[in-house]
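S.K.: Chains as they are written, first to last, in numbering that gives the first Met the number 0: chain A, 0 to 127; chain X, 0 to 228.
The set of hints was computed from the structure by calculation and includes no laboratory data.
Worth double-checking, as some hints may not be accurate.
Here are the in silico distance ranges between beta carbons for each label pair [unchecked claim]:
| # | chain 1 | residue 1 | chain 2 | residue 2 | range |
| --- | --- | --- | --- | --- | --- |
| 1 | A | D104 | X | E89 | 45 to 53 Å |
| 2 | A | K108 | X | T187 | 49 to 57 Å |
| 3 | X | V87 | A | K108 | 56 to 64 Å |
| 4 | X | R38 | A | D37 | 17 to 25 Å |
| 5 | X | L51 | A | K108 | 38 to 46 Å |
| 6 | A | D104 | X | A162 | 53 to 61 Å |
| 7 | X | H96 | A | T23 | 50 to 58 Å |
| 8 | A | S102 | X | H96 | 44 to 52 Å |
| 9 | X | E89 | A | G89 | 53 to 61 Å |
| 10 | A | T23 | X | R41 | 22 to 30 Å |
We put the beta carbon where it would ideally sit given N, CA and C, even for glycine.
Given next are the chains, with one letter for each unit.
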Amino acid sequence: MPSTTLLWLSQKNSKISTLQSPKTKAYVVTVVESKAIDIYRAKRRNPTGPLTEDMEGIPVDYHGNDGLARCMAKLPARHREFLLLKYAYGYENRELAQYFNLSMDAIYKLDQRGKEKLRLLCQEDKMI
Amino acid sequence: MFLDDDLRRAAQAVSLAMADGLPAPEDCRHAFSPAFTRRMARLIRRTKHPVLYPALRSVACLLLAMLLGSSIWLTVNVEAREAFFGWVGEQIENVQHYFFDGPDAGETPNVRYRLAEIPEGYEELDTDCSPLSVTVLYVNHDGRFLRFGYVFRPTEDSIADIALVTDEMKKSVVQVNGTSADCYIDETGETGNVLVWRDHEKDALLYISGYFNQSTLIHMAETVIQIEK
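Work the whole structure out from these sequences, hints included.
M.R.: Set out below in C-alpha cells:
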C-alpha cells in the first residue's frame, strides 16, 4: 500500500511546495488513508457491507474552535478526503475524477453528498 | 450552503489535525518491497533522462517495424525462407522446442560426434542411440550428470526434435565456433545449464547440459569432434 501511495504522490508532486512541512505531512496522510480504503475494498472477500462513501477512516481529533472543521472531521473518510483534497490542496474536479477513478458526474454527486452530510453534522452540532 | 473560504479554512485545519494524530516516526517501521524499490528506481531514472527514454522508445519502434517487415518478407519469399530456416527453436509455455523446419533429409550423415574433453571426475555412464539421435550420459563422483547429445535432420519416415523445460532458466544467445547458440542458465542452481547449437554442414542439432557455467559449456561445445561411422 505505501508503494501505491508514494507512486501517486510522485506523479502529483506539483501539489507539494515544501517537502518538510506540516501541510505536506497532512497531504500525505490524506492520500494514504484514501488509498488504504481502496485497497481494503479491493481485497475484501465479502463485497457487501458499507459503501466506500460511508466507511469510517482514521479518527480525527480536532480540538480547535472552528465548528465547521469539527463537523468536517466527523465526516466519513471518503467525503472528508474529497473536501480536503479540493479545498485544502486545490485539486480540480478533473484531478479528483482521476484520483477517485470516477466520472465527472460522479464527482459532482460526491461533492453534493459530502456537503449535505456536512450540513447534517453541523445541524446536529447546532452550528446551523 | 457553505462559503468556499470557510470550507478551505476548515479543510486545512482538519488535515493538520489528521497529521498531528499520527504516531511518532520512531514508532513506525516499514520495509519497502523489492518490486516497489525497482519501480521507484525506474521512475527516478526516467525523470533524470527526459530525452534518452523517448529516444530509446523511438528506436524500439523503428526496430519493431523492421522486424515486422522482415518477418512478412520471410513468410512470402520461399528462397529467403529456405536460406534462413533449418533447426528452429519455438517456446511453447515453459518448453523450448527445437525442430527442423525444412524438407526432409535424403539420408542421415555418416558421422557421429564426441566430446573431446570430458571434465575431470566425469565418467561415461550410458549411451542411448537411435538412427537420428545419440545421447551420452556422464556422471561424476558427486552424482552430478553431464549430458551430451545430438540429433540429425529428420528423414522422410522419422521425426527428430529436442524439448527443454525452461522454468526458471534465463536464455541468452552465445557463439560456438562462430555460430549462434542458445544458452540456458538455471537461475535456481538446481537443474543445471544447457547449451544448444547447430552444425549447419551436417544439419545436426547438438546440446550439452550439466552443472557448468556458460564459458565451460561453450568450451566443451567447441571441442566436440566428428568421427566417421
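S.K.: Each hint: holds or not?
M.R.: Here is how each hint holds up against the structure:
no.	hint	result
1	D104(A) x E89(X): 45 to 53 Å	holds (50 Å)
2	K108(A) x T187(X): 49 to 57 Å	holds (53 Å)
3	V87(X) x K108(A): 56 to 64 Å	holds (59 Å)
4	R38(X) x D37(A): 17 to 25 Å	holds (18 Å)
5	L51(X) x K108(A): 38 to 46 Å	holds (44 Å)
6	D104(A) x A162(X): 53 to 61 Å	holds (56 Å)
7	H96(X) x T23(A): 50 to 58 Å	holds (56 Å)
8	S102(A) x H96(X): 44 to 52 Å	holds (48 Å)
9	E89(X) x G89(A): 53 to 61 Å	holds (55 Å)
10	T23(A) x R41(X): 22 to 30 Å	holds (24 Å)
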